[in-house]
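Novice: When you get a sec, could you build the whole thing from the sequences and use the hints?
Protein sequences appear in the order of chains G and L. Counting from 1, one number per residue, gives the positions in the first sequence under the numbering used here. Counting from 714, one number per residue, gives the positions in the second sequence under the numbering used here.
Note that these hints are calculated values from the structure, not bench results. From the three backbone atoms N, C-alpha and C, an ideal C-beta is built for every residue, glycine too. Among the hints, erroneous ones may be present.
[Unchecked claim] So these bits of chain G aren't anywhere near chain L, every CB distance computed over 10 angstroms:
{"hint": "1", "residue": "E401"}
{"hint": "2", "residue": "A489"}
{"hint": "3", "residue": "S514"}
{"hint": "4", "residue": "A532"}
[Said to hold, decoys possible] To give an idea of the interface, some chain G residues facing chain L are shown, with a C-beta separation under 7 angstroms as derived from the structure:
{"hint": "5", "residue": "N490"}
{"hint": "6", "residue": "H493"}
{"hint": "7", "residue": "N500"}
{"hint": "8", "residue": "G504"}
{"hint": "9", "residue": "L509"}
{"hint": "10", "residue": "I513"}
{"hint": "11", "residue": "A554"}
{"hint": "12", "residue": "M557"}
{"hint": "13", "residue": "R634"}
So the chains spell out like this:
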Amino acid sequence: MSPEAVSAPASPEAKLAMAEFLLVQENMAECAERALEWLQQHSGVTKALCLAVDSSQKQLIALAAVGWDEQEPADFMLDLTDRQHPYVAALFKNKMVMLRGTFSDPRAAAAPYSPDTFAAIPLGGGDQTAERRAVGLLIVNPASARTDPDLQWLNDYMMPVLRRRLGTSHLSEAERSLRRERTLLYNILNTVHDPIILTDTEGRLVISNRSAELLFGAREEESEGRRRAIALNNMFLSAALSRHAIEDVSLDSRELLLADPADGSDLFFELASTVFSDVHEGTGVVTVLRNVGDLRRTTQELEENYRRLRLAEEEVRAERDRLDLIISSVAEPILVTDPEGKIVMMNDPAERLFTMPKSGNLEETQNVQANDINFSSFVSNLFLMSEGRQHHGGISLVDPEKSTPVPVEAISAKLISQQGELLGVVTILHDQTEALERSRLYEQLRLVSEALEEKVREATAELVRQNEVLRRQHMELQQASQLKSQFLANVSHELRTPLNSIIGYTRILMQGISGTVTPQQRVNLSRLDANAGRLLTLINQLLDITRIEAGKMAVTMAKVSLSTLISEVLAEVEPLILQAKLEVTQKVPNDLPEIRSDREKIKQILLNLLMNALKFTPKGYVNVSATYQGMQDRLIVTVADSGIGIAETEQEKIFEDFRRSDDSVAKGYAGVGLGLSICRRLAVLIGGKITVNSKLGQGSAFTLTLPRAPKTP
Amino acid sequence: MKKKRRGLILVVDDVADNRDIYTQYLVHDGFQVALAGDGQEALDKAAQLAPDLIVMDLSLPVMDGWEATRRLKQNGITKHIPVIALTAHAQDGVAETAGEAGCDRFITKPCPPDELAREIARILEDRPGRSKTQGA
Numbered sequence: 001m002s003p004e005a006v007s008a009p010a011s012p013e014a015k016l017a018m019a020e021f022l023l024v025q026e027n028m029a030e031c032a033e034r035a036l037e038w039l040q041q042h043s044g045v046t047k048a049l050c051l052a053v054d055s056s057q058k059q060l061i062a063l064a065a066v067g068w069d070e071q072e073p074a075d076f077m078l079d080l081t082d083r084q085h086p087y088v089a090a091l092f093k094n095k096m097v098m099l100r101g102t103f104s105d106p107r108a109a110a111a112p113y114s115p116d117t118f119a120a121i122p123l124g125g126g127d128q129t130a131e132r133r134a135v136g137l138l139i140v141n142p143a144s145a146r147t148d149p150d151l152q153w154l155n156d157y158m159m160p161v162l163r164r165r166l167g168t169s170h171l172s173e174a175e176r177s178l179r180r181e182r183t184l185l186y187n188i189l190n191t192v193h194d195p196i197i198l199t200d201t202e203g204r205l206v207i208s209n210r211s212a213e214l215l216f217g218a219r220e221e222e223s224e225g226r227r228r229a230i231a232l233n234n235m236f237l238s239a240a241l242s243r244h245a246i247e248d249v250s251l252d253s254r255e256l257l258l259a260d261p262a263d264g265s266d267l268f269f270e271l272a273s274t275v276f277s278d279v280h281e282g283t284g285v286v287t288v289l290r291n292v293g294d295l296r297r298t299t300q301e302l303e304e305n306y307r308r309l310r311l312a313e314e315e316v317r318a319e320r321d322r323l324d325l326i327i328s329s330v331a332e333p334i335l336v337t338d339p340e341g342k343i344v345m346m347n348d349p350a351e352r353l354f355t356m357p358k359s360g361n362l363e364e365t366q367n368v369q370a371n372d373i374n375f376s377s378f379v380s381n382l383f384l385m386s387e388g389r390q391h392h393g394g395i396s397l398v399d400p401e402k403s404t405p406v407p408v409e410a411i412s413a414k415l416i417s418q419q420g421e422l423l424g425v426v427t428i429l430h431d432q433t434e435a436l437e438r439s440r441l442y443e444q445l446r447l448v449s450e451a452l453e454e455k456v457r458e459a460t461a462e463l464v465r466q467n468e469v470l471r472r473q474h475m476e477l478q479q480a481s482q483l484k485s486q487f488l489a490n491v492s493h494e495l496r497t498p499l500n501s502i503i504g505y506t507r508i509l510m511q512g513i514s515g516t517v518t519p520q521q522r523v524n525l526s527r528l529d530a531n532a533g534r535l536l537t538l539i540n541q542l543l544d545i546t547r548i549e550a551g552k553m554a555v556t557m558a559k560v561s562l563s564t565l566i567s568e569v570l571a572e573v574e575p576l577i578l579q580a581k582l583e584v585t586q587k588v589p590n591d592l593p594e595i596r597s598d599r600e601k602i603k604q605i606l607l608n609l610l611m612n613a614l615k616f617t618p619k620g621y622v623n624v625s626a627t628y629q630g631m632q633d634r635l636i637v638t639v640a641d642s643g644i645g646i647a648e649t650e651q652e653k654i655f656e657d658f659r660r661s662d663d664s665v666a667k668g669y670a671g672v673g674l675g676l677s678i679c680r681r682l683a684v685l686i687g688g689k690i691t692v693n694s695k696l697g698q699g700s701a702f703t704l705t706l707p708r709a710p711k712t713p
Numbered sequence: 714m715k716k717k718r719r720g721l722i723l724v725v726d727d728v729a730d731n732r733d734i735y736t737q738y739l740v741h742d743g744f745q746v747a748l749a750g751d752g753q754e755a756l757d758k759a760a761q762l763a764p765d766l767i768v769m770d771l772s773l774p775v776m777d778g779w780e781a782t783r784r785l786k787q788n789g790i791t792k793h794i795p796v797i798a799l800t801a802h803a804q805d806g807v808a809e810t811a812g813e814a815g816c817d818r819f820i821t822k823p824c825p826p827d828e829l830a831r832e833i834a835r836i837l838e839d840r841p842g843r844s845k846t847q848g849a
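Specialist: See the structure below:
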């Protein structure tokens, strides 16, 4: 406010507005400032300063100042003990004083300063009856304004108000603090969801929080239903609290069913009351209602929780069943051990080894105990090992029933939780019996195999050796065979050469080439010739037998007409037939099929048979017949005679080498007995056979059987 | 002795008895006979005398009968002369080898001289031109 401002005496309205303001305004600084401004406007005051004693009664503090320009004394204060200071002195004089030049005092240097004269008016100083000193000081300039009626009015009216304010300022502060604490307490109480009630000893409600008010606090505007619910709640509460009081339990908890005034639903509370005593307020009861939920929701939640629990339980059970199934489906014994080494789970194969027998059999029990000890020590090894989650090695177990050793290969693994905690140990046992048995058998097999190999080696060596012997023998035999063949060839050649001379010269003599021959000489020469012929036959037969025996008799297969061949043979022996004077016939069908055989061999056989027949038949007949047996696809040639016959005992012998029937010998028949044996050999050589059917004295029938075609060689 | 009109027969044999027997008989039977004791001699005589038929033993010194026959049959002058192999070798295969060497007939010893003479006559009669000339 500028000092030049025009002041005018205060109107009754201005005084009324100021009085109202002072009544309503509680802030002293505001009051002081407004009062100084009012003085500037109405009582010619240009400069003013309002000071007040602080609540501690030790200092004089500037409350407000006007008209000082830059020297605004906002934080100006003086110590009340400084009695020399004109302001403090003025305060203690308790009546208006004039101040002049006092502001040059160095101790007042900090105070607003002016060389003008000031009037210092103690506040409350107008109260003549009071012994109390003034509570403040009003300093105005010019000092002449001190007589202004408006200033007098303000001093008369405001100062008592100000004085009261100053005097009670300390109390008001305490009151505000209390109110703040109270508000805080309420806030705290309200933030608590549970209703809280404080009642006095008569059961009257003293304090309640907002939750409690909702249940128990009736308001005018509320509906009928609500009010009734609240009334009922109050009734129940009172009953509960009085019962409380009667039963004289200081600390108790009980249940209380109330209705929610909002929707009438049941609310279930647990009541907790505590009796308290206060020096000022006396005793009371603090009751806390803990909402244990409305029953329905609780039930639902309970059911839901139970359902979840069951589901979880089922899952766990299913998981466990699966695990059991897996474990039991494994044929190898599996054991799960807890960290103390106790077996907590095992499958059937493991139970066979580690479960005490029901029979109580001593040996079985001991076996199981031994197994337990061996297994435990193995597992404890794993526990002892700090590093490594797995451990494997052999354990010697025993079959409890059979008492036979069961060597096993055990593999143990630690079960470690996600938190790294050891949960247990899983152990799988591999039965090594079979493996050991297998390796034992394998070893045996290997030994046998080796022995066998050795034998095979020896046998092979022996074979090689024998082979070599055989090869040599074969070579020797071949040489011998060659030598024999050569020998035979030589013998044959050497025998024939002189025989050629004998026969040759005999013929020359017989034909009279060397001169006339007497009849007797001719007979003798004939005999010589005949014997030479027999010798030749013998030589030929011997050669034939050795050739057949040596396998050197060649067989030449070709088409053969038996009827033609038979005629040819008969023609060749014609001289003998004529000589013998026998009835010689042949019976050969026209449709006799051709056969495939060796013509010369058949011819030799037939000649031999026919000559034998002629030779051993003194009288009667000789018949040659041939038939084809389609069933067996073979031809049969029979040379039958009415000769001397052969005894049954002789019938097989005649086919042996150098054999003749005793009768033929006895009766002086010539021959060495090689003919039939050669015939039989030749017949076999071309796939046929010769049989005889004869009766001594009644003739013989020799049968040559030939296949129509030789069997595939 | 009969007239010499039946042809010249060369008898080749290393055994003197044989040469004697066949000579006596064939001469008696009207043949002219020349003799040789080995294969080489046989070749020489054959070339020299041009016989009508050769009776050839096979086992011969100097040159065997097979070789001699082969050469005779290779020679243009002697190849037409019939050769009868007459041998004491009776084992299988000899007749075949003789045939291969060029022999026209194969006879095994012992062979009576009359039979040989009949065989020679038969062969010579099979060659009509020759016998006709001889006969005329």
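Novice: Does the interface hint hold: is G:L509 within less than 7 angstroms of chain L, judged Cβ to Cβ?
Specialist: violated, 10 angstroms
Novice: Have a go at the G:M557 hint: is there a Cβ in chain L nearer than 7 angstroms to its own Cβ?
Specialist: violated, 15 angstroms
Novice: Far enough from chain L: is every CB of that chain over 10 angstroms from the CB of G:S514?
Specialist: violated, 7 angstroms
Novice: Can the hint on G:N500 be confirmed by a CB-to-CB distance to chain L that is less than 7 angstroms?
Specialist: Holds, about 4 angstroms.
Novice: Restraint: G:I513 near chain L, CB-CB cut 7 angstroms. Satisfied or not?
Specialist: Holds: closest Cβ of chain L sits about 5 angstroms from G:I513, inside 7 angstroms.
Novice: Taking 7 angstroms as the limit, does the beta-carbon of G:A554 come near enough to a beta-carbon in chain L?
Specialist: Since the shortest Cβ distance to chain L is 5 angstroms, the answer is holds.
Novice: Quick check for students: does the CB of G:E401 sit more than 10 angstroms from each CB in chain L?
Specialist: With a cut-off of 10 angstroms, G:E401 remains clear of chain L, as the shortest Cβ separation is near 86 angstroms.
Novice: Are all beta-carbon distances from G:A532 to chain L longer than 10 angstroms?
Specialist: violated, 7 angstroms
Novice: If you take the shortest Cβ to Cβ gap from G:N490 to chain L, is it below 7 angstroms?
Specialist: violated, 10 angstroms
Novice: Beyond 10 angstroms from every Cβ of chain L: is that where the Cβ of G:A489 lies?
Specialist: G:A489 not clear of chain L: closest Cβ-Cβ about 5 angstroms, inside 10 angstroms.
Novice: The hint names G:G504 as touching chain L; please verify it with the least Cβ-Cβ distance against 7 angstroms.
Specialist: OK, holds: G:G504 within 7 angstroms of chain L, min 4 angstroms.
Novice: Is the hint on G:H493 kept, meaning its closest Cβ partner in chain L is under 7 angstroms away?
Specialist: holds, 4 angstroms
This entry does not satisfy hints 2, 3, 4, 5, 9, 12 and 13, going by the numbered hints stated previously.
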